[in-house]
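Protein chains: 2
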Amino acid sequence: MIDRDQGVTAPQGFRAAGVAAGIKPNGKPDLTLVVNDGPSAAAAGVFTRNQVKAAPVLWSQQVLTTGSLRAVVLNSGGANACTGPAGFQDTHATAEKVADVLGIGAIDVAVCSTGLIGERLPMNAVLAGVDLAVKELGRGAEASLAAATAVITTDTVAKQAALTHADGWTVGGFAKGAGMCAPNMATMLSVITTDAVVARSTVDETLRAAVESTFNRLDVDGGTSTNDTVLLLVSGAAGVEAGPEDFAAAVTAVCADLVAQLQADAEGVTKHVTVTVRGAATAAEAVAAARAVAQDNLCKTAFFAGDPNWGRIAMAVGNAPTEFDQHKLDITVNGAAVCRAGARAAHRSEADLSGRDILVEIDLHAGEGVGTILTTDLSHGYVEENSAYSS
Amino acid sequence: MIDRDQGVTAPQGFRAAGVAAGIKPNGKPDLTLVVNDGPSAAAAGVFTRNQVKAAPVLWSQQVLTTGSLRAVVLNSGGANACTGPAGFQDTHATAEKVADVLGIGAIDVAVCSTGLIGERLPMNAVLAGVDLAVKELGRGAEASLAAATAVITTDTVAKQAALTHADGWTVGGFAKGAGMCAPNMATMLSVITTDAVVARSTVDETLRAAVESTFNRLDVDGGTSTNDTVLLLVSGAAGVEAGPEDFAAAVTAVCADLVAQLQADAEGVTKHVTVTVRGAATAAEAVAAARAVAQDNLCKTAFFAGDPNWGRIAMAVGNAPTEFDQHKLDITVNGAAVCRAGARAAHRSEADLSGRDILVEIDLHAGEGVGTILTTDLSHGYVEENSAYSS
Chain A
66 MIDRDQGVTA
76 PQGFRAAGVA
86 AGIKPNGKPD
96 LTLVVNDGPS
106 AAAAGVFTRN
116 QVKAAPVLWS
126 QQVLTTGSLR
136 AVVLNSGGAN
146 ACTGPAGFQD
156 THATAEKVAD
166 VLGIGAIDVA
176 VCSTGLIGER
186 LPMNAVLAGV
196 DLAVKELGRG
206 AEASLAAATA
216 VITTDTVAKQ
226 AALTHADGWT
236 VGGFAKGAGM
246 CAPNMATMLS
256 VITTDAVVAR
266 STVDETLRAA
276 VESTFNRLDV
286 DGGTSTNDTV
296 LLLVSGAAGV
306 EAGPEDFAAA
316 VTAVCADLVA
326 QLQADAEGVT
336 KHVTVTVRGA
346 ATAAEAVAAA
356 RAVAQDNLCK
366 TAFFAGDPNW
376 GRIAMAVGNA
386 PTEFDQHKLD
396 ITVNGAAVCR
406 AGARAAHRSE
416 ADLSGRDILV
426 EIDLHAGEGV
436 GTILTTDLSH
446 GYVEENSAYS
456 S
Chain B
66 MIDRDQGVTA
76 PQGFRAAGVA
86 AGIKPNGKPD
96 LTLVVNDGPS
106 AAAAGVFTRN
116 QVKAAPVLWS
126 QQVLTTGSLR
136 AVVLNSGGAN
146 ACTGPAGFQD
156 THATAEKVAD
166 VLGIGAIDVA
176 VCSTGLIGER
186 LPMNAVLAGV
196 DLAVKELGRG
206 AEASLAAATA
216 VITTDTVAKQ
226 AALTHADGWT
236 VGGFAKGAGM
246 CAPNMATMLS
256 VITTDAVVAR
266 STVDETLRAA
276 VESTFNRLDV
286 DGGTSTNDTV
296 LLLVSGAAGV
306 EAGPEDFAAA
316 VTAVCADLVA
326 QLQADAEGVT
336 KHVTVTVRGA
346 ATAAEAVAAA
356 RAVAQDNLCK
366 TAFFAGDPNW
376 GRIAMAVGNA
386 PTEFDQHKLD
396 ITVNGAAVCR
406 AGARAAHRSE
416 ADLSGRDILV
426 EIDLHAGEGV
436 GTILTTDLSH
446 GYVEENSAYS
456 S
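Chains as they are written, first to last, in our numbering: chain A, 66 to 456; chain B, 66 to 456.
Chain A extracted, bound-state conformation (with noise of 0.2 Å):
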């Protein structure tokens, strides 16, 4: 059972806390930081795959090939991204003073940024606020609800979602943003916990299909930022040994309750849209052409204004990277099966779009792949949000 009352602090052998540091102008909680007491420091994270990447995620990059972390910092108020190599150092300069305050190495502390891209930092600021959340630091609901908050940026609420296996090992963790790409400040960051025994290869993998399977399958408005993260951190502190498959099931658990969170919370949104495409050549072709109707601009003021246009979806899916026959193609909508063989079937006002939730189903009849992408509407709300983001 899913809490999302709790999150990286659940699992034993984590210690976390969000303060103030005056990153940000408007005096909101901005650095968090999350430690791993161990035994294990295992680790293992997924970047973006924009070709433009920020200081603080070649940095992390970096220190990861080791496989191990004892810390993570992140900051809000500030991406670091486009800063040449000041912003590099100081990304640098930022886990030598988590490692001096901790005492281990620069090495074993991963640095995750959010906010506006091309500004330096206030470094003055995030070294004192390093220092103050040090202090801070410590376990339980408080903690590990400071530690989600002070990662926010257009967020109107923290997400969080902890699960314990019945072995008694847990995993959990936070997320900020709206997806992979996100709109406004745009950066997804996430860091999820466990206190399970994992053997170390096993934890670069999981964690890899569980993005793959999640993150990566909400899809807001198209493409990567520059600083998208998600960071698995394991201390062993349960002392019980995860089997591999409930390992999985658990981080990709937790990792989907985290995207749907994010999917409530992007903004401007009115409808969460699930596309799902069956009977294509295979998996990837079928996330192709739902990924295709996610970012098309013609579906998505349709499901803004609850119109089941179904010949813009079919649209859509003839502009996708997927092989299939037109007329064989089928379209339902939230149940109503508006398109069969590729022409009119049930009346389009049969489906009914009135409600939060669209379930749009598409079948290419061209074989036995199957894919889901997670997005939302476009809104007049998402042109105010993000037009109005003052640079």
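Any given hint might turn out to be false.
If several chains are the same, the list does not tell them apart, and a pair holds so long as it fits within one copy or across any two.
[As the list claims (entries may be wrong)] In silico SDA-like pairs for lysine to any residue, Cα to Cα no more than 20 Å straight-line: (1) Lys393 with Gly149; (2) Lys393 with Gln116; (3) Lys89 with Met188; (4) Lys336 with Ala190.
The set of hints was computed from the structure by calculation and includes no laboratory data.
Based on the hints, put chain B in the right spot on chain A.
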């Protein structure tokens, strides 16, 4: 010099008409006929790359394998897409009707449709409209404008252009829509005519090259519709041979002017955005990078806000399938060098985006490839038009 008061009947040998056939419920003009009286009947077509192709696209692709056309019939008020075998029979019947009345073969008649996807056309109205249009066929400014007007859907104005070469031959044409993928009713249709004497082999390659560098470089909301069609008809009635290069230049100039009119008329647009990428490894990679910016909703909402948010531009380029080193990325917005070597340079306040036109120049410093894409902003008007569209 481009003349926007003339169109498909500017070249000799062409007659045209546009009539209200009763296909649109509101009684506005909805059927256009263009007839090539020769002596040549050479023709070429470029069609949507969407896998879901409307019946008229399938028909016109088929008849154009001969490289000849004597007439084109176009209707607004219905796309005849996703209408199955019955819809294809409707297209065939329309071509047969035109052929009967004109005393030619159905194989000499192309058909284009635009409007809502998934609905059959009211064939009584279409067939009666053909009789009406044949009676109205004429030359001169009035006939040309009527032909350009009866194809429009959500366009606010008819779009024509003509150009006469010093040697005495002319290229003319009309277009409707707002790009190779337009918002709302989506389809882009264009008919280009010429009275030049042109080698048959030149016709097809000239049209393809012209479309690639004009219509295919306007990207309002990604993808291509089920019905997009550009046709080039050659009468040879001027009796003057056009050199291949002069002919290509004239066809491209007419297409480029029509594209500028399409961009200006895209729904809800407040900004005309030109994205030019230089220094890519190849021209194709430059176009791909420019297209990534043009399709990015975060960039498009920032354009709407007049916000020179170059971080979003950097992020969009980083998501393109284009190789570059982020530490060499230069971005210039309306002349202001906001990003140099991947980091902030001129302050963003130096870029004035208060006017209608926005020029984004990106240099990747990875080669010699150059490419440009025209696009628009993502405005409240866009959401309004595309969600208010009643199904």
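Hints and how they fare:
Within a single copy, lysine 393 and glycine 149 get their C-alpha atoms only as close as 52 Å, which misses the 20 Å cut-off; across copies the closest is 10 Å, which meets it. Proximity of lysine 393 to glutamine 116 under the C-alpha cut-off of 20 Å is restricted to the inter-copy arrangement: shortest distance 12 Å between copies versus 38 Å within a copy. In this homomeric assembly, lysine 89 and methionine 188 come within 20 Å of each other (Cα to Cα) only inside a single copy, at 12 Å, whereas the closest approach across copies is 64 Å. For the identical chains of this complex, lysine 336 and alanine 190 are neighbours neither inside a copy (39 Å) nor across copies (39 Å), given an alpha-carbon limit of 20 Å.
Of the numbered hints given earlier, the model fails hint 4 alone.
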